[in-house]
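With the hints as your guide, set chain B onto chain A.
There are 2 protein chains.
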Amino acid sequence: MPKIIVEVMPKADLLDPAGKAVANALQRKGNAEISNVRIGKRIELHYAHTPTEADLAAAKQIAADFLSNGVIEDVVNVTVEN
Amino acid sequence: MPKIIVEVMPKADLLDPAGKAVANALQRKGNAEISNVRIGKRIELHYAHTPTEADLAAAKQIAADFLSNGVIEDVVNVTVEN
Numbered sequence: 008m009p010k011i012i013v014e015v016m017p018k019a020d021l022l023d024p025a026g027k028a029v030a031n032a033l034q035r036k037g038n039a040e041i042s043n044v045r046i047g048k049r050i051e052l053h054y055a056h057t058p059t060e061a062d063l064a065a066a067k068q069i070a071a072d073f074l075s076n077g078v079i080e081d082v083v084n085v086t087v088e089n
Numbered sequence: 008m009p010k011i012i013v014e015v016m017p018k019a020d021l022l023d024p025a026g027k028a029v030a031n032a033l034q035r036k037g038n039a040e041i042s043n044v045r046i047g048k049r050i051e052l053h054y055a056h057t058p059t060e061a062d063l064a065a066a067k068q069i070a071a072d073f074l075s076n077g078v079i080e081d082v083v084n085v086t087v088e089n
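Going down the list, the protein sequences come from chains A and B. Convert by adding 7 to the 1-based position in the first sequence; the result is the number in the numbering used here. Convert by adding 7 to the 1-based position in the second sequence; the result is the number in the numbering used here.
Extracted from the complex, chain A is given alone in its bound form:
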């Protein structure tokens, strides 16, 4: 199944309480080398055909307009995966 993968993360300035809770739990369990955890979204767009350059450009637009909230989130990656 050809896919375009959109990766969305909370902005760096923003507190991520769920990520912080996971980081604290990992440190309590003895993973001292993990200094922080942030939790974002990985969204798969499925296509019937191999995505073209136009599909990728459209997906980047969709990622910015529709799949992320620009006030609190950054789109970090939009990539084709066949």
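Keep in mind the hints are simulated off the structure, nothing from the lab. Note that the structure is a prediction, hence the values are computed from the model and not measured. Hints should not be assumed to be uniformly reliable.
In this list, chains with the same sequence are indistinguishable; a pair is considered to hold if it fits within one copy or across any two.
[To be verified] Pairs of lysine-lysine, DSS-like flavour, derived with a Cα cap of 25 Å:
hint, residue 1, residue 2
1, K48, K67
2, K67, K36
3, K67, K27
4, K10, K27
Chain B only, in chain A's frame:
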């Protein structure tokens, strides 16, 4: 900031109602070529140092045991990003 990225997706057999809702909305907006959407998680583990092979192995274990629910989710990728 060196990171290990853990990607977790709902299992393929599983209904993903949020993804389905996004797919329907995109199709209504005229993106007929997107047949389906699935929404998973992208988790960043931050390290003070460049992650070693041992860190990557530990992260894979953490991803399977702690960051994903094996009943409903698959860990699709665990990768180092410097």
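Hints and how they fare:
Within a single copy, K48 and K67 get their C-alpha atoms as close as 15 Å, and across copies as close as 19 Å, so both meet the 25 Å cut-off. In this assembly of identical chains, K67 and K36 lie within 25 Å of each other by CA distance solely across copies; the values are 15 Å between and 39 Å within a copy. For the homomeric pair K67 and K27, the shortest alpha-carbon distance between copies (19 Å) is at most 25 Å, but the shortest distance inside one copy (29 Å) is not. Proximity of K10 to K27 under the C-alpha cut-off of 25 Å is restricted to the inter-copy arrangement: shortest distance 15 Å between copies versus 31 Å within a copy.
The structure fails none of the hints (numbered hints given earlier).
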